[in-house]
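Chemist: Going down the list, the protein sequences come from chains A and B. For the first sequence, position 401 matches number 410 in the numbering used here, and the numbering has no gaps at all. For the second sequence, position 287 matches number 296 in the numbering used here, and the numbering has no gaps at all.
There may be inaccurate statements among the hints.
Calculated pairs, BS3-like style, for lysine-lysine (alpha carbon to alpha carbon, straight line, at most 27 Å) [as the list claims (entries may be wrong)]:
1) B:K340 to A:K70
2) B:K476 to A:K340
3) A:K435 to B:K435
4) B:K340 to A:K49
5) A:K340 to B:K414
6) A:K332 to B:K332
7) A:K332 to B:K49
8) B:K476 to B:K435
9) A:K332 to B:K476
10) A:K435 to B:K49
Covered by chain B, per the in silico footprint, the following chain A stretches (three or more residues, Cβ under 8 Å) [to be verified]:
11) 17–29
12) 52–61
13) 88–95
14) 290–297
15) 430–441
FYI, nobody ran anything at the bench for these hints, they're computed from the structure. The structure presented is a predicted model; accordingly, all values stated were derived computationally and were not measured. The beta-carbon is built from N, C-alpha and C at its ideal position, and this holds for glycine as well.
Protein chains: 2
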Amino acid sequence: MDIELFRRHGHEFVDWVAEYFKSVENLPVMSRVQPGDIRKKIPPAPPENGEPMERIFEDFKSHILPGMTHWQHPGWFAYFPANNSPASVLAELLTAGLGAQCMVWQTSPAAAELEETVMDWLRGMIGLPEDWAGVIQDTASTATLCALLSAREVSTGFGANRRGARDPLVVYASTEAHSSVEKAVKIAGLGAENLRLIPVDEHFALIPGRLEEAVAEDARRGLRPCAVVATVGSTSSGAVDPLRAVGEICRRRSLWLHVDAAYAGTAAVLPEMRGLLDGVELADSLVFNPHKWMLTNFDCSAYFVRDPGLLIRTFEVHPEYLKTGRDAVVKNYRDWGIPLGRRFRALKLWFVIRTYGVEGVRSLVREHLRLARLFRSWVEAHPRFELLAPVNLSLVCFRWNDGRKNELELSALNKRLMEAVNDTGKVFLTHTALNGRFTLRLVVGQRTTEERHVRLAWELLTSEAEKLGA
Amino acid sequence: MDIELFRRHGHEFVDWVAEYFKSVENLPVMSRVQPGDIRKKIPPAPPENGEPMERIFEDFKSHILPGMTHWQHPGWFAYFPANNSPASVLAELLTAGLGAQCMVWQTSPAAAELEETVMDWLRGMIGLPEDWAGVIQDTASTATLCALLSAREVSTGFGANRRGARDPLVVYASTEAHSSVEKAVKIAGLGAENLRLIPVDEHFALIPGRLEEAVAEDARRGLRPCAVVATVGSTSSGAVDPLRAVGEICRRRSLWLHVDAAYAGTAAVLPEMRGLLDGVELADSLVFNPHKWMLTNFDCSAYFVRDPGLLIRTFEVHPEYLKTGRDAVVKNYRDWGIPLGRRFRALKLWFVIRTYGVEGVRSLVREHLRLARLFRSWVEAHPRFELLAPVNLSLVCFRWNDGRKNELELSALNKRLMEAVNDTGKVFLTHTALNGRFTLRLVVGQRTTEERHVRLAWELLTSEAEKLGA
Chain A
10 MDIELFRRHG HEFVDWVAEY FKSVENLPVM SRVQPGDIRK KIPPAPPENG
60 EPMERIFEDF KSHILPGMTH WQHPGWFAYF PANNSPASVL AELLTAGLGA
110 QCMVWQTSPA AAELEETVMD WLRGMIGLPE DWAGVIQDTA STATLCALLS
160 AREVSTGFGA NRRGARDPLV VYASTEAHSS VEKAVKIAGL GAENLRLIPV
210 DEHFALIPGR LEEAVAEDAR RGLRPCAVVA TVGSTSSGAV DPLRAVGEIC
260 RRRSLWLHVD AAYAGTAAVL PEMRGLLDGV ELADSLVFNP HKWMLTNFDC
310 SAYFVRDPGL LIRTFEVHPE YLKTGRDAVV KNYRDWGIPL GRRFRALKLW
360 FVIRTYGVEG VRSLVREHLR LARLFRSWVE AHPRFELLAP VNLSLVCFRW
410 NDGRKNELEL SALNKRLMEA VNDTGKVFLT HTALNGRFTL RLVVGQRTTE
460 ERHVRLAWEL LTSEAEKLGA
Chain B
10 MDIELFRRHG HEFVDWVAEY FKSVENLPVM SRVQPGDIRK KIPPAPPENG
60 EPMERIFEDF KSHILPGMTH WQHPGWFAYF PANNSPASVL AELLTAGLGA
110 QCMVWQTSPA AAELEETVMD WLRGMIGLPE DWAGVIQDTA STATLCALLS
160 AREVSTGFGA NRRGARDPLV VYASTEAHSS VEKAVKIAGL GAENLRLIPV
210 DEHFALIPGR LEEAVAEDAR RGLRPCAVVA TVGSTSSGAV DPLRAVGEIC
260 RRRSLWLHVD AAYAGTAAVL PEMRGLLDGV ELADSLVFNP HKWMLTNFDC
310 SAYFVRDPGL LIRTFEVHPE YLKTGRDAVV KNYRDWGIPL GRRFRALKLW
360 FVIRTYGVEG VRSLVREHLR LARLFRSWVE AHPRFELLAP VNLSLVCFRW
410 NDGRKNELEL SALNKRLMEA VNDTGKVFLT HTALNGRFTL RLVVGQRTTE
460 ERHVRLAWEL LTSEAEKLGA
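One chain only, chain A, in its complex shape (with noise of 0.2 Å):
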């Protein structure tokens, strides 16, 4: 493709998607297609000779936009948001046009300071302790990952790297932590039977005190307590540890503390949220994600460590071909974590950082707990509703009972109650469990969306409801 045939294409493509920010909320928030009918679409040979973009761009609009998944919908509740914005689409455009590799300092001075730099930023903007740094990663997945590692090498005086992970070392996070932990715990060698679940209290916030017993008894046990996980806003219900205690116990048995607070994080950046953190000094390292609630693409992770040190010795090799005359005065990021290859993620953060300001993420992270507090009243007042959860957060927990079924058919009815809203096309929500109840998730999170949004979403709820015979 030459350059002028870029240029026409790149305007209408620039084109296409203003349109698809502008009528994105007409079109269904969840994908309709069916299992394959993407697939059979799709020859399962490439192309010997070249096609004209003119009919790539005409297949890309009639077999992939239908099977897509519209997260910028204002209709989003589900998960948690992954929102982007217009000054991050920009800033991926430039990103993709440079096409640099950002492994170290010298294959891009740029990205590696200023990535240092927005990562000051972000520290800041959510109240971290100044002497902290942060790195970029993909996920938070990944960003605990490194956390765990970070904490086996330290407990085993850098050993398990040189003689693997024989230590019986042991982890610890509450019933709610998320998924990655168990999946980090196994692919740093700790062997998911070595991660404890500390039992919640009735706020599924870990309890310190079960927490303190649990590393005891392992103490006792000649096992070794090594790391804990603690979650600010849990997947399922937005619960929050108690840093404060939490990290207190860890300073007194040495322990590694990794906070997880890939989605509540952002909530940091109100000072009247910032109790979200209290305590967050004691702690070893912290993830949370611009690219969830902070207008950001995906993927941008904020993972930030008190001793990056100790992170570089986790994780560095000095092959000779990554050798640089620079590399005793400058940062190279390759030895912050898994990959070595890096895209240049740090100017789509100084794009949004920028262009909203702090006080303009304020504002959508304010409006945003509104809405979710606004929601929450109304399930509170509807006599077949009712919350499952508190609501520290933009997330509600609640479910429809009406006081006279059982535990089965409230799950059977909650869930086809979910799936009839999903089905409008109009919003788009998912479940978890709390105390083996099903129990349906409202996340207010998209940049989008406003309060017709969501009182869209509880209509549908409360008519679905009475559909259902409910």
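Go by the hints and put chain B onto chain A.
Modeler: Frame of chain A, contents of chain B only:
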């Protein structure tokens, strides 16, 4: 930013990228900034209030651009290439605009099914067995880690995931294998001491007999041989391990065989280069990077496995909040790797393969191979330059040597030569060590590199060598 503003800046940025494609040749390949230069141009704190895109874009051009090293410059001969292409950039724009997070089928069926299809395309394009399955990873480092984790689990009956990496598993690779193997061995909890680096022959290829001896010796000592990483196209010299011989040892000994063809895999699109992968049917997994030599924006690493069930069993976790009604009948790629969240990376591969066609990719690779051989012929014909490795692919390893200096002097002189050539800003080469010698590497692989650029590199090398009094 409102949508009309997005549209306006989008057009402006597309024009800028088009101009960048045209004019990147006039920029110095390697950034000339000094450590700290960029950082001091960016305020240490984020703005409270939003700024106009005009100002951000101005800062991008004045502060960031001079700090970029230009991977898309036709004078790029360093490391390996990381090609983008107009088609790939266009697809990245759509991916960013859609902003979908494709962790499970339901969160974008088109992303899941297109990934399955384009990975089938790639599998056929490089001649892998038809029953293998592929998944997109971020980098080859991550894919190699996935391979070693699967190997670990298969070796232990999935016991390491449960109990931890207690068993004394041993991994084998050549002394020329990429540093990501050591990194993966550490991350997986196997321990760097349990990585055996097998000697190579005069072509820097693993010696199968030495592998066999090492495996036997470890077994005798009560250790458990687990996996071999064979390299097809090593980073230092493009060396190719003998896959068939290594594969036969692996089958006999029940060892997992992972093939790291990160750079060279693309060359297997050529019938005349298919021999590179002779014996691959004996392997269990292979990685190659379309983001290196196949015109697809970083990141896009293609990981193929003989048995996807083993990969899934290595990684799967089943929290309630990720379950969907379709899990039994669809592919959920979240279980095929480390991160839960996933970008829609299949789209750019689809755009690239369709735009160029398989024949278009072949022409490009064939031309790069021709140019590398041409450069080799110049080195061979020059009385004071020498080849330091066979040219199997598009990578030439060489140095200046008049036969009258000792090794220390030669290393210092060739390092100065590399710096002098890079300082011209017209080309960019990096180095490695082969048999302890400082070795210049010239890789032909950038999409826009023509014969005149390779010729210029040679002219600069010979003239700078003369200037250095070499």
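Chemist: Take the hints in turn and mark each one as holding or not.
Modeler: Okay, the hints, checked on the actual structure:
| no. | hint | verdict |
| --- | --- | --- |
| 1 | B:K340 to A:K70 | holds, 23 Å |
| 2 | B:K476 to A:K340 | violated, 33 Å |
| 3 | A:K435 to B:K435 | violated, 55 Å |
| 4 | B:K340 to A:K49 | holds, 15 Å |
| 5 | A:K340 to B:K414 | violated, 35 Å |
| 6 | A:K332 to B:K332 | violated, 45 Å |
| 7 | A:K332 to B:K49 | holds, 25 Å |
| 8 | B:K476 to B:K435 | holds, 17 Å |
| 9 | A:K332 to B:K476 | holds, 25 Å |
| 10 | A:K435 to B:K49 | violated, 48 Å |
| 11 | 17–29 | holds (count 10) |
| 12 | 52–61 | holds (count 8) |
| 13 | 88–95 | holds (count 6) |
| 14 | 290–297 | violated (count 0) |
| 15 | 430–441 | holds (count 3) |
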